[in-house]
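*Asks:* Read off the chains here:
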Amino acid sequence: MPTPADKLLREVPAAGGRLPSMAVGTNCPSCGVGLNARELRKQVYVCHCGHHFRLHAEAWLALLADAGTWQERWADVRGHDLLEWRLPKSYQQTIDQALQQGLNESVRTGTAKLAGHPLWLSVFDFRFVGGTLSIVAGERLARGLEQAAQSGLPYLLVTASGGARMQEGVLALMQMAKVNAAVGRLHQAGVPYFVVLTDPTFGGVSASLALLGDVNLAEPSAAIGFTGARVIKQATYADLPEGFQSAAFQLRSGQIDQVVPRTELRGRLARLLGLYSDAGRR
Amino acid sequence: MPTPADKLLREVPAAGGRLPSMAVGTNCPSCGVGLNARELRKQVYVCHCGHHFRLHAEAWLALLADAGTWQERWADVRGHDLLEWRLPKSYQQTIDQALQQGLNESVRTGTAKLAGHPLWLSVFDFRFVGGTLSIVAGERLARGLEQAAQSGLPYLLVTASGGARMQEGVLALMQMAKVNAAVGRLHQAGVPYFVVLTDPTFGGVSASLALLGDVNLAEPSAAIGFTGARVIKQATYADLPEGFQSAAFQLRSGQIDQVVPRTELRGRLARLLGLYSDAGRR
Amino acid sequence: MGQPHREQEVEERSNRSLLSVWEVVELARHANRPYSLDFLQRWAPDFIELHGDRLTGDDPALVAGVGTWHDRTVMFMGHQKGRSLADRVSRNWGMMHPEGYRKALRLARQAVKFGFPIVTLIDTPGAYPGASAEERGIASAIGTAIQEWFQIPVPVVCAVIGEGGSGGALGLAVADRVLMLENAIYSVASPESAASIVWRDNSLKVEAAEQLQITSRDLIAMGVVEEIVPEPVGAAHSDHNATARVLGEAIWRNLEPLLKQRPGDLLQHRYERFRYIDSLVTAHPEFGPKVEPRLVS
Amino acid sequence: MGQPHREQEVEERSNRSLLSVWEVVELARHANRPYSLDFLQRWAPDFIELHGDRLTGDDPALVAGVGTWHDRTVMFMGHQKGRSLADRVSRNWGMMHPEGYRKALRLARQAVKFGFPIVTLIDTPGAYPGASAEERGIASAIGTAIQEWFQIPVPVVCAVIGEGGSGGALGLAVADRVLMLENAIYSVASPESAASIVWRDNSLKVEAAEQLQITSRDLIAMGVVEEIVPEPVGAAHSDHNATARVLGEAIWRNLEPLLKQRPGDLLQHRYERFRYIDSLVTAHPEFGPKVEPRLVS
Ligand SMILES: [Zn+2]
Ligand SMILES: [Zn+2]
Numbered sequence: 001m002p003t004p005a006d007k008l009l010r011e012v013p014a015a016g017g018r019l020p021s022m023a024v025g026t027n028c029p030s031c032g033v034g035l036n037a038r039e040l041r042k043q044v045y046v047c048h049c050g051h052h053f054r055l056h057a058e059a060w061l062a063l064l065a066d067a068g069t070w071q072e073r074w075a076d077v078r079g080h081d082l083l084e085w086r087l088p089k090s091y092q093q094t095i096d097q098a099l100q101q102g103l104n105e106s107v108r109t110g111t112a113k114l115a116g117h118p119l120w121l122s123v124f125d126f127r128f129v130g131g132t133l134s135i136v137a138g139e140r141l142a143r144g145l146e147q148a149a150q151s152g153l154p155y156l157l158v159t160a161s162g163g164a165r166m167q168e169g170v171l172a173l174m175q176m177a178k179v180n181a182a183v184g185r186l187h188q189a190g191v192p193y194f195v196v197l198t199d200p201t202f203g204g205v206s207a208s209l210a211l212l213g214d215v216n217l218a219e220p221s222a223a224i225g226f227t228g229a230r231v232i233k234q235a236t237y238a239d240l241p242e243g244f245q246s247a248a249f250q251l252r253s254g255q256i257d258q259v260v261p262r263t264e265l266r267g268r269l270a271r272l273l274g275l276y277s278d279a280g281r282r
Numbered sequence: 001m002p003t004p005a006d007k008l009l010r011e012v013p014a015a016g017g018r019l020p021s022m023a024v025g026t027n028c029p030s031c032g033v034g035l036n037a038r039e040l041r042k043q044v045y046v047c048h049c050g051h052h053f054r055l056h057a058e059a060w061l062a063l064l065a066d067a068g069t070w071q072e073r074w075a076d077v078r079g080h081d082l083l084e085w086r087l088p089k090s091y092q093q094t095i096d097q098a099l100q101q102g103l104n105e106s107v108r109t110g111t112a113k114l115a116g117h118p119l120w121l122s123v124f125d126f127r128f129v130g131g132t133l134s135i136v137a138g139e140r141l142a143r144g145l146e147q148a149a150q151s152g153l154p155y156l157l158v159t160a161s162g163g164a165r166m167q168e169g170v171l172a173l174m175q176m177a178k179v180n181a182a183v184g185r186l187h188q189a190g191v192p193y194f195v196v197l198t199d200p201t202f203g204g205v206s207a208s209l210a211l212l213g214d215v216n217l218a219e220p221s222a223a224i225g226f227t228g229a230r231v232i233k234q235a236t237y238a239d240l241p242e243g244f245q246s247a248a249f250q251l252r253s254g255q256i257d258q259v260v261p262r263t264e265l266r267g268r269l270a271r272l273l274g275l276y277s278d279a280g281r282r
Numbered sequence: 001m002g003q004p005h006r007e008q009e010v011e012e013r014s015n016r017s018l019l020s021v022w023e024v025v026e027l028a029r030h031a032n033r034p035y036s037l038d039f040l041q042r043w044a045p046d047f048i049e050l051h052g053d054r055l056t057g058d059d060p061a062l063v064a065g066v067g068t069w070h071d072r073t074v075m076f077m078g079h080q081k082g083r084s085l086a087d088r089v090s091r092n093w094g095m096m097h098p099e100g101y102r103k104a105l106r107l108a109r110q111a112v113k114f115g116f117p118i119v120t121l122i123d124t125p126g127a128y129p130g131a132s133a134e135e136r137g138i139a140s141a142i143g144t145a146i147q148e149w150f151q152i153p154v155p156v157v158c159a160v161i162g163e164g165g166s167g168g169a170l171g172l173a174v175a176d177r178v179l180m181l182e183n184a185i186y187s188v189a190s191p192e193s194a195a196s197i198v199w200r201d202n203s204l205k206v207e208a209a210e211q212l213q214i215t216s217r218d219l220i221a222m223g224v225v226e227e228i229v230p231e232p233v234g235a236a237h238s239d240h241n242a243t244a245r246v247l248g249e250a251i252w253r254n255l256e257p258l259l260k261q262r263p264g265d266l267l268q269h270r271y272e273r274f275r276y277i278d279s280l281v282t283a284h285p286e287f288g289p290k291v292e293p294r295l296v297s
Numbered sequence: 001m002g003q004p005h006r007e008q009e010v011e012e013r014s015n016r017s018l019l020s021v022w023e024v025v026e027l028a029r030h031a032n033r034p035y036s037l038d039f040l041q042r043w044a045p046d047f048i049e050l051h052g053d054r055l056t057g058d059d060p061a062l063v064a065g066v067g068t069w070h071d072r073t074v075m076f077m078g079h080q081k082g083r084s085l086a087d088r089v090s091r092n093w094g095m096m097h098p099e100g101y102r103k104a105l106r107l108a109r110q111a112v113k114f115g116f117p118i119v120t121l122i123d124t125p126g127a128y129p130g131a132s133a134e135e136r137g138i139a140s141a142i143g144t145a146i147q148e149w150f151q152i153p154v155p156v157v158c159a160v161i162g163e164g165g166s167g168g169a170l171g172l173a174v175a176d177r178v179l180m181l182e183n184a185i186y187s188v189a190s191p192e193s194a195a196s197i198v199w200r201d202n203s204l205k206v207e208a209a210e211q212l213q214i215t216s217r218d219l220i221a222m223g224v225v226e227e228i229v230p231e232p233v234g235a236a237h238s239d240h241n242a243t244a245r246v247l248g249e250a251i252w253r254n255l256e257p258l259l260k261q262r263p264g265d266l267l268q269h270r271y272e273r274f275r276y277i278d279s280l281v282t283a284h285p286e287f288g289p290k291v292e293p294r295l296v297s
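Protein sequences, first through last, are from chains X, R, B and L.
The opening position of the first sequence corresponds to residue 1 in full-length UniProt numbering, with each subsequent residue numbered one higher.
The opening position of the second sequence corresponds to residue 1 in full-length UniProt numbering, with each subsequent residue numbered one higher.
The opening position of the third sequence corresponds to residue 1 in full-length UniProt numbering, with each subsequent residue numbered one higher.
The opening position of the fourth sequence corresponds to residue 1 in full-length UniProt numbering, with each subsequent residue numbered one higher.
Hints are computed from structural coordinates only; laboratory data are not their basis.
Computed from a predicted structure; not experimentally measured.
Cβ coordinates follow ideal geometry from the N, Cα and C atoms, glycine included.
You may find that some hints are simply not true.
Claimed, not checked - A few chain X residues that face chain L, going by a derived Cβ cut-off under 7 Å, partial list only:
id : residue
1  : L99
2  : Q100
3  : Q101
4  : L103
5  : L173
6  : G225
7  : A235
What the hints assert, rightly or not - Cross-link-like lysine to any residue pairs, in silico, SDA-like; alpha carbons within 20 Å at most:
id : chain 1 : residue 1 : chain 2 : residue 2
8  : X       : K113      : X       : L99
9  : R       : K233      : B       : L18
10 : X       : K233      : X       : F244
11 : B       : K113      : B       : Q151
12 : B       : K113      : X       : Q150
13 : R       : K233      : B       : S203
14 : X       : K113      : X       : V77
15 : X       : K233      : L       : S132
Use the sequences and the hints to build the structure in full.
*Replies:* Set out below in C-alpha cells:
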C-alpha cells in the first residue's frame, strides 16, 4: 500500500557522496544477469532482481554521509596480537596485511551529516576479519556512543559482522558488555539510536548492540541471527526453513522495525532523523 | 528432588484456623472414591488422588490466616444494579439472593497474620456470580492495595474468577484498570505482592492483577487462562491439547513461579513472607 | 434486495440518534468504516510504521509508529482491521496477540524516552481468543500493559473509533482522555461473547448489546469517556476525510493542554481518572444513561 | 582401561597447576562437577526456586530463586546442567533459550525492588545454537540482558563455576565482581565453536583451546576476573562440600563490601569495570598470561 510518505522518500537523493567503485564480479549471484559496473554503482549496488551486494565501509560512508561531512575519529586506535595467535595464520600478520590494504579495523567511527542532520556514524567493515568485534572496534564504538550521549547527537550504526573476534579471545567477548553499557547510557540520555543491519550480522554483534536501536532497519538480503545456519545444522541436525534468519524472518520475529531497500534507505533515515531529533519540534 | 527446604515446609501447620465444613458431594469427581467429609476437611479438601476441591472465601481465610487474626475491611461496600439488568435474571435479584445466603460479593479484603507475618489478604469467592470482578470487588482490592502500599505490609491475593462481571458492563471492565493501577503503586512502593491462583482464574481477572505478583503460585488443579476453553473451541474450531490452561501449562508458559499442592501452600507462603518481608534481614 | 435501501435509511437516522443499539453495533463494525491507518495517513503523511516487540514477534493487528502532527512527533498506535479478506486474515480481524501489547509497551517506553505524546486508537472485537495467544501469555500481556500504561509519563489520548471490546481494548486504552466516535461501541465483552457467557447462547447478541450499555451515549453518561466525537452525515464510513478531520481536531484539542502538565501530575491524574471512574455510581444510585452527552461543536 | 588411573593422576596434577589446557577443559566439563543447584542447596537450604519470564516461557537451563544467605535474602541464578541423561535433556545441557535471559532480567528487577543482592553462577557451553532460540530472539535477548544488567542498582557477584561460553555466559555475567573456580574456563566461544569458526573444523578443539587463553590463570592475567577460587585436592568434582564452602566464602567476601556502596556508585563502578576491562592491553603491549594469579588464602 503506497503511502504519501513513499513519495517523500523518493525525493531524498539516494547517495550523499559519490559511491566508490567496487569489484563485485561480472554476474549477479542471485539472477545471473551480467553486470554493468557503472550502472550498478548508480543503483547503489542493488541488482535489478533486488539482490543487494555487500558494501564496504567507504561505500557506506559515501552513501549515508552528505558529501564532505564525514569526520573520522580515533582512526589511530590500533589492535595488536594479545594472544600471540598463530594458527591457522598469525593474527599479527592478518592485521598487518589488512592495514597494508588500506583497511583500518572492522569499525570506523566519526561524525557526519545525513540530509543535513548532524549525527554520529559508525560502520562495520566486513573485509576486516569478517567485521568481527575486536577491542579496537569496541573502543571506537564505546567512545562514539559516550560522546553521542553527552552531545545529544543521534547515533547511526551500520552493521556487518560475523561476531566477536576469536583471535582476541575473551577480551573480544568483553567488548559486548563494554558497548552495551554505552548503548544503555545513550538510551538513558534520551538520544536517538538507529541501526541498519546489513548482510551478515551475527554472533557477538547481533547479541550486543545491533538489535538495541530505537529503530532497527534491515536491508532486504541481510542474514541476521545469533548462531550461523551452518553451525545450527551441525549442532542440531535440523533442517532450516527457507528464509531462516532473513530480514523478513527477523521482522516477523519482532526484532526489526522495517526492511528497507537500499535505494530508499537514505530517505527513510532522513525522515527518522527529522522525527526523532529535531529539537524544535519537542 | 527433595530439598532440605521441603522438610521445613512440612513443619508449618497446614491450616491457620479450623477449616469450615463444605459440601463437596459424596464422591471425588477425579478418582470416584467415596469421600469422608471429616477426613477431607483434615486434608484441606485435597483428595488422596490429588484432586483439589474448590474452596470458598471463608475456607481460604481459615486456611491462610492465623486463628483469630482476620480483620475484614470494607464489608459494607455494596453493589447495585447499574444497568437495570433483567435477562436472563434480574441482577438486583442475584445480588439480593447472594446476600441472603450470607455471601458478600466476589472479593473479601482485610488484614491478617500468616505464620505470624502481618499482611493484607484478599480472597475471591467463586460462589458470588462466578467470582466476577465487579465495582465492589475492584473497590475493595484497590483500597487494600493502596493501604498496603502505604503501610508496607505484603499483599496476598487468592484468585478464583470467571472474569469481569457482565452485569456491570463497561464499569466492570474499568475495574481492571483501577486495580492494576493500584498494583503498580504497590510495586513502586517496594511492597511484596504474592498471588495464589486457584481454579478457575480467567478473563478480566487473569488479565488484570492475577499474574502480576512478585511470586505467582498456582494450585495443581487450577485452570488458568484468558479465554475459556469452550469459547476458544467455538471461536477457532481448534482441538485443545490435554492439559491446556492447566497450572503446569502456565508454569511452562512462564506465567507462574511454582505449582504448589494445597497441603504445602501455607508453608510455602510463610517462607516467602520471611524471605521477602522481614525488615531485619535487609 | 432492499439492503442498500435499508443501509441508506440507517445512515440517515444515524445522525438523529434514532438507531437501535444493534444498528450502532453494525455501524461500528461497518466494512467501510475508517480503520486506524485511514486516520494515521491523513493526520501524519510522513508516518513511519514501527514493527516488533523485540521479544518474539510482530503483531499485524496493531499498527504503530511515529509521524509529524501539529509540528510535533507523535507516537500513534491502533488496532488495525483489514478490508479485503486477505487483509482481514493477516490483520487477524484486529484481534491482538500478546506481541501486540508488548509492541505497544515498547513503543510507549520509546515515546517516554523522546517525550513524544501518544495517541491510541481502539478498534477490536477483543484480544485473540485462540490457543496461540494463550500459549504466549495473552492474559499477563494485557495485565502488564494495563499496569505499565499508568507509568508512562507522557500525555496519552485514546479514541474508540469502532469496536472497543473487552480487555483486548483496555490494554490499549489506559489514557488521560478517552474519546469515542459517535457510532463506536465500548464494552466489557463483545455482545456475542457476553451472550455466550451469560446465556451460553451467542445468538442472543442483540439482547446482550441492549443490556450492556455500549454506545457512546451510554459511555459518556457513565463517565467512562470524556467526549463523543460526532460522525458526518451518513456515519463515519460515508466520509473518511470528514471523520478524520473532526476526530483529529477533538484529539488534538484534548492532547494540547496535557502537553503542559508535569509528568508527575499527568500520572497522578491518570491514576485518579481510573481509580474513581465509577464514582458516578455512588453519586447517582439510580445510575443509567440519562445524562445528556456533550457533543463537539 | 587406564582411564580411572589417568583421571586420578589428572586430579593430583590439578592442584599443582600442571594441567594442559585441554585437561582443564575436561575438568570444567566433568560430569560430577558441582552444578548451580549443588551450590545453592548448600548455601541457602531455604532456597525457593522461581520460574518463568512472565512473557512466553520458563527456561530449565537457568535455575533462579531466593534464599537466605548470611542472614539476608539473596537472589541466586545460574546455568544448570543435568547429571542423568533425562536431566541433561530437560536442562538442555545448560544452554539457555531467550526465555532464560528474560527470566534472569525479571528476577534481577525483582531483586532491585526488594534490595536483594544478586549472585550469578556461570556454567554453559553457550546459548542454545538452535532454530527455536533464533525464532524467539536469542540475539536480542542476550543483547538486552547485557545492556540491562548495567542498570540493576544492587550488588551483583558472578562466579564462573564450570564452562563460561560466549555471549551465552556473558548474558549472565555482567557483575561488579567476577570470580572463577580454579579449573573453570571462560571463553569467547567454546573451543569446538572457535575451531569451527576459525578453521571450519571443530576437531581442532584442543589447538583452539590452547590459543584462546581460557583458563582461570589466563583470565586473571587479562584482568577479566577479580579472583581465582582454588578447588579442593582432586578438583571440584571430588568434593562438592569443600568447593561450595570455599566458593561461598569468596563470593561473600566480595559481596559484603558492595552492600555498603550507594546504588549510583555501584552502577558507575560496574560501568567502568567493563568499559576499561581491556586497559591492560594498552598498559602492557606484550600482553599475555604472564602475571601471577592471586589465589585465595
Ligand atoms: Zn540480480
Ligand atoms: Zn480423588
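*Asks:* Kindly indicate which numbered hints from before are broken by the structure, ordering the numbers from low to high.
*Replies:* 1, 2, 3, 4, 8, 9 and 14
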